[in-house]
Amino acid sequence: MGKVGVVLCPCELEGGSSFDPEVLVEGLKGRKDVLPLIHHQPVCSESGVEAIRAFMEGNGLDRGVMACSKPELFGPTFKKALRQWGLNPSLSEVLGIRPIAEGKRTDDLQEALHVIEEGIGEIQRRKPAKGPKTPFIKRAMVIGGGITGITASIDLGNGGYEVLLVDRLPSIGGRMLQLSETFPTLDCAQCTLTPKTVETGQNPHIRLITYAEVESVSGGAGDFAVRIRRKAAYVDWEKCTGCGLCQEKCPSKVPSEFERGIGPGKAIYTLSPQAVPNKPVINPEVCRYFTEGKCRVCEKVCPTDAIDYAQEDTFIEERVGAIIVATGFDLYRKEEIGEYGYGDVPDVIDGLAFERLNSASGPTAGEIRRPSDGRVPKEVVFIQCVASRDPERYMPYCSRACCMYTAKHARLYKHKVHDGRAYIFYMDIRSMGKGYEEFIQQGMEEGILYLKGRVSRLFRDNDHVVVWGVDTLTGKKVEIAADMVVLATAMIPSRGAKELAEKLHIGTDEYGFLTEAQWKLYPVESGVEGIYLAGCAQGPKDIADTVAQGNAAASKVQVLFAQHRNSSLLRSDS
Amino acid sequence: MEFLYFPGCTLYTKAQNLDEAGRACAKALGFELKELSNWTCCGATFPLAKDNIMALAPPARILARAKEEGSALTTLCSVCFNVIKRTNELIKGDEEKREKINTFIEMDYQGDVQVIHYLEILKREVGFDTIKGALKRDLQEMRVAPFYGCMLLRPSEEMEFDDKEAPTIFEEFLGAINCEPVDFPYKIECCGAFQSVGAPEVATECAYAILNSAIRNGAEAVTTTCPLCQFNIDNMQREIRQKYNGFPGIPIIYFTQLLGLALGLPVEKLEFHRNDVDPRPLLEKRGLL
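Here the protein sequences line up with chains U and G, keeping their order.
Per the working numbering, the first sequence starts with residue 1, numbered consecutively.
Per the working numbering, the second sequence starts with residue 1, numbered consecutively.
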């Protein structure tokens, strides 16, 4: 049995009361092979760490228990220090102790003592963890091939590490691929993104596994065993050259999910002409051959015999040392918003649909034409905070990007339809990014009419969408007979994110966003060693923020890998 | 099937056409409306102030009496329904308020009477299919716009009546009696309510917008469940005509009158002479009289 050093941190706790280490020391005295230490500065300070080292080394202690108020914050410091001194971090425990209140000192003291004694017993009994049988695997899996996942993958790939980039869709690019232009510079989204997707596809260290979902994950940092389900594409991607003939000839025209329902798609499709990889898949739910038993047009026209209707899902099993989760967001469904017509009012579209409408690669080739009759809308109402900041009915949080993208939408609309009028109903204008406020001001100068107030209802009346709102600055009710309405609906976690989080044993909040270890200081750590989060999967954010998180997560993975470069540091049973 | 029936003040006076037809239809469809004894005014509005217990005394008394006489209480008037149902929900869910109210009215009521609107009886207890089978007069797909107003639907968490933004029960009912329901955006809007007393010009505008929307969507008549809605969009048409030259006017018919007509009840029982805009020319034109 080893000798246990008990370190008590006297840090002030929330509410001003601290636990009094002196009394705890009294309670712990006289136990065999146990030595308590109080350090009168926070143990996470430099002098604190030094004091612990002197205490452990000076007393020949090889196991440690630390009791403090915030184990999630101080724990990593303690364990890291132990490792540096050549001790085995697996023979240490960091315990959370609640403050000992003045009023009920005896009870709280007993409770704290109890927690510490349990911890000591556990550490005394514990056998040293065996070092990993295989070396720490320095390759990563990135889940989600949007701009976040792409950013992280390129960083890791350029750092020389192998990356598996898994995406649910047939090609990478994610939401950003749907966007027309981006704020605050009005760069074409595709022009900025496509070089990145191409770079991802060409990076020798990055392996794309698209049209695939993570089925299961086991193991821990350094050696996760992952099983990935590769969905049947019904196209042999080895043979396919991406010529596009099958899509051209496919007779099944269906509303495309990528085009947000306002543009046609085919039963065999790629997401864009610049798709990476540029290989199509068949949607069996709408394919004539799968639903009616005849057609086979794609098979007939394919010059390389790549169509394979008998293809089945396959499974890929891999081992990785670290995982980055970047599964992105969906928009709150307008079909669930009664006051805005449950999605049944024509020409009421969401922000992503407007992106497609405005996109050169979209269904109208970038001309602003409303979906119902193709007319150029002359009065367009944009509504912000739809299902955001509405704790009683929808989501209580701010979706962060909508103020900016709505201003962008209105400006792009005015740039294209010079005699058109753009109204924006808003609650507040939140524009605190670099160049953002200037962007809004320019929009106002360009003649966007900002109305501070909510819209209570909208409905179809002949070929107009009647919008009932209020302008709280004049105190007047506003009725607008609009030609088109764009709803800035709330960002919500992408479908299936919660299930994935369960497979990874990482947390989600009440809305399904992934929870970080600590919002301020550990924003991309998941709480599980070796698993990191980035982008909108963790909470709503704009491209600039999401890219920063992608970079951060990749950097964290490289730090983790770098720590295992020296094999002497690898062994934990020394 | 027996239901305690709370007519409410208006149904004994201005809205006898709603009441008489409702009672006659119940008889024809085989369910009994047993009038509550000793009923009083429902209070006419559910108090907006949360501590206004006094305003809850009348509906609470009505409910406590209903408990002594039966288990389910129905109304025809949407306002009475709103006040009584919301009071019942409050008594059921809020122990502190329940005690206060009970102390105040010196009765003991726990919120266990079922409050059900006549339309809900038709849908859930009788069934629209049964009604379809009992039709004696063909309404020939007369185009009728169902006007819900607010009181049946809101607040939806308490009323639990139908989808507050896109209700359908009235349309289903109209379909069952072979009318063609006319969808119009103003069907869930405010009729002007009590503004017709203090600021009639406000109520007139509300009524004008509603009726205009119904007419533009092709309605031949509008139907209501509520004497207050009925007054505002029926009686106020005189003011509308004075203000808006060329307003064609449109008959407003209580849903019980339409039901009675479809069930083949004698026309004189349905009291069409009480409606301000006379529906009889329309009914005559359709050969229904």
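What the hints contain is simulated information worked out from the structure, not anything from laboratory work.
Check before you lean on any hint, since a few could be wrong.
To be verified - Among the chain U residues that face chain G by a calculated CB cut under 10 Å, a handful are:
1) G341
2) Y342
3) F459
4) D461
5) N462
The beta-carbon is built from N, C-alpha and C at its ideal position, and this holds for glycine as well.
Violated hints, by number in ascending order, as checked against the structure: none
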